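Engineer: Letter by letter, the sequence shown follows residues 1 to 1197 in the UniProt record's numbering.
Quick caveat, the hints were computed from the structure, so don't treat them as lab data. Certain hints may be false.
What the hints assert, rightly or not - Derived DSSO-like pairs: lysine-lysine, alpha-carbon spacing no greater than 30 Å straight-line:
| no. | residue 1 | residue 2 |
| --- | --- | --- |
| 1 | K275 | K289 |
| 2 | K143 | K100 |
| 3 | K100 | K156 |
| 4 | K143 | K562 |
| 5 | K163 | K638 |
| 6 | K883 | K559 |
| 7 | K55 | K417 |
| 8 | K750 | K735 |
| 9 | K44 | K417 |
| 10 | K559 | K1155 |
Claimed, not checked - Estimated spans, in silico, between C-beta atoms of each pair:
| no. | residue 1 | residue 2 | range |
| --- | --- | --- | --- |
| 11 | W329 | E570 | 38 to 46 Å |
| 12 | V1172 | K1152 | 39 to 47 Å |
| 13 | H753 | E637 | 48 to 56 Å |
Since the model is a prediction, treat every value here as computed from it, not as a measurement. From the three backbone atoms N, C-alpha and C, an ideal C-beta is built for every residue, glycine too.
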Amino acid sequence: MSLDETVEVVIPLVKTITNLTFRNLSYSVRQAHREPDAGEPERKHLLRNISGTLKSGRLTAILGPSGAGKSTLLNILSGYRTHGVGGKILINNEAVDCHKYRQLVAYTEQEVPLLENLTVRETLHYVADLKLSKNVSYIHKTKIVNDIVALLGLQKCSHSLVKTLSGGERKRLSIGLELVSNPKIMFFDEPTSGLDSAASYQVIAYMRDLARQGRCVAAVVHQPSSELLELFDDVYIVVDGRCMYQGSLDDLIPTLEEVGFSCPPYYNRADFVLKIASQRTDDMDSVEKLIARADTAINGYLENDTTHLEECTALLAESKASSQYPIAWWRQFVVLVRRTTLCTFRNITLTRFRLLGHLLFGLMIGSVYYDVGDDGAKVLSNVSCLVLFLMFIVFANAMTVVLTFPLEMAAFVREHKGNYYPVSAYYCSKLVADFPLMLAGVSCFQLIVYYLTGQPNETDRVLSFWGICVLFGWLAQMYGLVAGSVFPLDVSPFVVPASIIPAVMFSGFFIRYNELLAVYRPLTYVSYFRYGFEGLAQATYGLNRTQLGCSEMFCYYRKTSKVMEMLQMEPDRYWHDVIGLAVWIVVLHVLLCCAGIFGTKMSVDKNSVEITIPLMQGGTNLHFQNITYSVRQRKEEKLLLKNISGTFQTGRLTAILGPSGAGKSTLLNVLSGFKSQGVSGNIIVNNEIIDRQRYRQLVAYTAQDVTLLPNITLRENLHYAADLKLSSEVSEVHKIKIVNDVIALLGLQKCAHNQSQLLSGGEKKRLSIGLELVSNPKIMFFDEPTSGLDSVSSYQVISYMKDLARQGRCVISVIHQPSSELLELFDDIYVVVDGRCMYQGSLDELIPTFAEAGFNCPPYYNRADFVLKIASQYDSKSADVEKFVVKTEKSVNAAMNLGIQQEFNSSEFLVKGRGPQYPISWWKQFTILTRRTTLGTVRNPALMGLRFFGHVLFGFTIGCVFYNIGNDAVKVLSNISLLIAFLMFITFANAMTVILTFPLEMAVFVREHKSNYYSVSAYYFSKLVADFPWMLAGVTAFQLIMYYLSGQLNETDRILMFWGICALFGWLSQVYGLIAGCLFPIEVSPFIVPASVIPALLFSGFFIRYNELLDFFKPLTLVSYFRYGFEGLVQATYGHNRTELGCEEIFCYYRKTSKILEALHMEPNRYWTDVVGLSVWILFLHIVLYLSLRLRLRWNR
1 MSLDETVEVV
11 IPLVKTITNL
21 TFRNLSYSVR
31 QAHREPDAGE
41 PERKHLLRNI
51 SGTLKSGRLT
61 AILGPSGAGK
71 STLLNILSGY
81 RTHGVGGKIL
91 INNEAVDCHK
101 YRQLVAYTEQ
111 EVPLLENLTV
121 RETLHYVADL
131 KLSKNVSYIH
141 KTKIVNDIVA
151 LLGLQKCSHS
161 LVKTLSGGER
171 KRLSIGLELV
181 SNPKIMFFDE
191 PTSGLDSAAS
201 YQVIAYMRDL
211 ARQGRCVAAV
221 VHQPSSELLE
231 LFDDVYIVVD
241 GRCMYQGSLD
251 DLIPTLEEVG
261 FSCPPYYNRA
271 DFVLKIASQR
281 TDDMDSVEKL
291 IARADTAING
301 YLENDTTHLE
311 ECTALLAESK
321 ASSQYPIAWW
331 RQFVVLVRRT
341 TLCTFRNITL
351 TRFRLLGHLL
361 FGLMIGSVYY
371 DVGDDGAKVL
381 SNVSCLVLFL
391 MFIVFANAMT
401 VVLTFPLEMA
411 AFVREHKGNY
421 YPVSAYYCSK
431 LVADFPLMLA
441 GVSCFQLIVY
451 YLTGQPNETD
461 RVLSFWGICV
471 LFGWLAQMYG
481 LVAGSVFPLD
491 VSPFVVPASI
501 IPAVMFSGFF
511 IRYNELLAVY
521 RPLTYVSYFR
531 YGFEGLAQAT
541 YGLNRTQLGC
551 SEMFCYYRKT
561 SKVMEMLQME
571 PDRYWHDVIG
581 LAVWIVVLHV
591 LLCCAGIFGT
601 KMSVDKNSVE
611 ITIPLMQGGT
621 NLHFQNITYS
631 VRQRKEEKLL
641 LKNISGTFQT
651 GRLTAILGPS
661 GAGKSTLLNV
671 LSGFKSQGVS
681 GNIIVNNEII
691 DRQRYRQLVA
701 YTAQDVTLLP
711 NITLRENLHY
721 AADLKLSSEV
731 SEVHKIKIVN
741 DVIALLGLQK
751 CAHNQSQLLS
761 GGEKKRLSIG
771 LELVSNPKIM
781 FFDEPTSGLD
791 SVSSYQVISY
801 MKDLARQGRC
811 VISVIHQPSS
821 ELLELFDDIY
831 VVVDGRCMYQ
841 GSLDELIPTF
851 AEAGFNCPPY
861 YNRADFVLKI
871 ASQYDSKSAD
881 VEKFVVKTEK
891 SVNAAMNLGI
901 QQEFNSSEFL
911 VKGRGPQYPI
921 SWWKQFTILT
931 RRTTLGTVRN
941 PALMGLRFFG
951 HVLFGFTIGC
961 VFYNIGNDAV
971 KVLSNISLLI
981 AFLMFITFAN
991 AMTVILTFPL
1001 EMAVFVREHK
1011 SNYYSVSAYY
1021 FSKLVADFPW
1031 MLAGVTAFQL
1041 IMYYLSGQLN
1051 ETDRILMFWG
1061 ICALFGWLSQ
1071 VYGLIAGCLF
1081 PIEVSPFIVP
1091 ASVIPALLFS
1101 GFFIRYNELL
1111 DFFKPLTLVS
1121 YFRYGFEGLV
1131 QATYGHNRTE
1141 LGCEEIFCYY
1151 RKTSKILEAL
1161 HMEPNRYWTD
1171 VVGLSVWILF
1181 LHIVLYLSLR
1191 LRLRWNR
């Protein structure tokens, strides 16, 4: 959208003046120890008794270098952060309560989390429904939404899902969310980040109009252009948590001159101020004079103007308001239910998996246990079916929602603190919106299994059975939501299945009540699995049912009283079980509500250097011809690049300019080789088409959003990049010097030892640039390298990029809104509009070329802003601009034909080559990646602690429950149950802890692999080897504890055999979890693992005997890894020449071990067969995992 296309938006007048005063705000955070003996950790002061006033009717710009405390100040003034803050906030010189203050304030953060499965228009409509009064009509809400969509230039993507938006479009949408309610006080954190100059001007101009209508509007802005700065009335400058200047824009330069700082003519005032603020040590006295002067002026004004200051002792007064939200609770609830339901059904993958999973597993379990329900000879199999039934329900419904809160928590916290709705409305809406899906899945599953297994076809029994299933599904759903809201994203998928095992142990199926130690018997009353299992048993065999059919001559369990006696269950306890499950559901609801309240209280924050640059011996000119790239959208092909051509010359720094959505980042993705699928055209380097491997060795690319490993420090990130990207001939000393130079260049000394997850946005951006600078490649691409940096840091970075070009490199950068000072550093300009080239040439020829086409630049106007203004008019003045674009394309093609000495007719883009691709050997890649992965794993104490101590804790728990049963022939069935429970815990504990490894690291892996860091196989083996010791340690600790406590035979060979099966099964589970995480989306993979384990468990030989299976299913036991694991443990326990067990009673049927193996339909001496079976499975899963990684790379082409 152009500046000439003004959008008229109705802005209601504010009848009352709203001035915001803050005084002596202080805020500090505790710093982590760097040394073990450092004593008490120091506190880092982010704000130091800072004061000021933001006036009604005036637009204030908050300026300051990176890390000065600007965003922290806005977090506090907006009410997002109140804990640990000292000072006072007053409105019109009066204290206001927290609820009233939140109604007055709107705050758009630097990074706003959004719901990915809503469209732009839907997102704005739901915000309007939540934030506007019920008196506002639907037509008026729609008009407001339309105005905002037009104002922010979102018409083209108004019906696109949020997850498909570009970075600039997401930023504009996040601003629009707060514009909906038109509040009295508005804060914006970098509202123009990601926008071109025309859109930035419109947004700031609209903010100024908001202020003119009587609102108090303040915005943190990075490097505003002179044109943008003119729109602000006042300026507030923050330096190191203190105020350096507060006053009008017109008084800024005179004030600076009074203390000795003179601004050159035609110099951007904002750049000048930031230069002073960033170089405090150069003239400390003058800067301190400025700060002291600002403190004196502000405090003097406040002393004269503040009348009720003494009455306010807290940051904000206690709330006395009866209601803090614009609409009633039930309206909030209805809107949130509609929104959540829409998001759920838009997540097609997960919804399909949930419904089809219930359907398919219902058919499978029903077919395996076909017609066992009314057969007294198959009672044990039917009872096993009931337990499997409950296990599937709990995993299918808990694991599908376990990531609901972790993935939405940031959006929930933002909306709650933004006064959208209370915790209770959100909480109830999540329950109600997901409940029908749970009910449909459980009902479908229950009816299929109930019918196929031949349970009694009586209406009251069917309804009783269904009632228990629904309650259990509801409980499981709540359990998953609680785990997801309490534990971190990478921990919650492990917590759910691991914590279910004890509940299963006390269900009454795996060990009978009378075999439990007296101390553990009360725990059966708090096991929800006990209530669910007993409830299904009562519905099946209770409720006045007397006897079953019998397919054999004699059935011991023909009378149902015998079944209940065997299960040690009293008759007619169905309603006790219903009440027990209902109590559990109520408890989980309370826990979930408390977790939601707790979640809202969590924080939602977040000198020139001389570098030795080696000379390049030969120049590298990059030509690209007729590059076309298209993507499929809604069954249509959308062209993002349209036969675009150009040349980037060695020794010159080129800026790629263009409005948002023009195709700049897409062009860089294609030219860097990151995007090759669906691309046609030629890339020519020094008059030669080169293969993909050679090209990748020449190229480095820093994308707009670079994902980093969270637990690795900044210095370690750079060191690992140097180890992977620099030749093995480069010494360690030289690598350290390069890393130190990069850190110094980018001003990262203070945070060099901080982990990536603790870095600010600007620090992360600088680190991502540094990762590519370490290898000094011949062709360098940067996508918005100055985003998030202040003017001084930006100047240093672009200056260094120019030095790189001067040494014989080809350096290209996409840049948004460069200042005049920054633009002067570039040699050439390449302008992209709608996937086509609008201009290519030197910076000096830019204005004359545009003037020839009839576009004249006003004097003292930033040339970049002028070009972007013309490019933004492509739609509105397409005739003039189209003529100019066509002329440019002809000129570019003619110049290229002169520069290229031969014609190239290759239609394949970046052909695959055969030469070496990586700078270091495979072995070095593997060892470096293993070290890095191990370090990242050890630095995750939450997951590591839960993982290892979980094995120890559950080892003691299960060992004590099954205490000393291993050599007792009376308790053989309980001991066999112990073995299957043992395998279940190993599976879930080792698969679920790594299931998010690849989803959380996939962006890092794709970026590093495409940047030529390492091969897929090196990464693949490093992940396996680095995690293997932790898996082995956990499994070994668990096995030894459980083996000893349960009283298994104390023979060295048996212990080693038992341990061998456990280690193989843990290894298999680990790889299984990695595959699921690699192949499926992050919200689906936690459901896939437990759901897909059920069939393997079903054919293990424990839940149904081999001879009871239909002939069709018998071969499936040969491919069940649970069968091999279970049989291996049975062989290690009862095989290997063991003949008899101890017996504490007069007669023990299972005293001879041959009877046990016969009952389990297992042949003796098959231990090594089971070892081979598990080994084959492990080998097969390794191959699948490797191919899965390859597939993910192909998806990202």
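Engineer: Compare the structure with each hint and give your call.
Structural biologist: Evaluated hints:
no.	hint	result
1	K275 x K289	holds, 16 Å
2	K143 x K100	holds, 27 Å
3	K100 x K156	violated, 37 Å
4	K143 x K562	violated, 71 Å
5	K163 x K638	holds, 17 Å
6	K883 x K559	violated, 92 Å
7	K55 x K417	holds, 23 Å
8	K750 x K735	holds, 20 Å
9	K44 x K417	holds, 25 Å
10	K559 x K1155	holds, 26 Å
11	W329 x E570: 38 to 46 Å	holds, 44 Å
12	V1172 x K1152: 39 to 47 Å	violated, 28 Å
13	H753 x E637: 48 to 56 Å	holds, 49 Å
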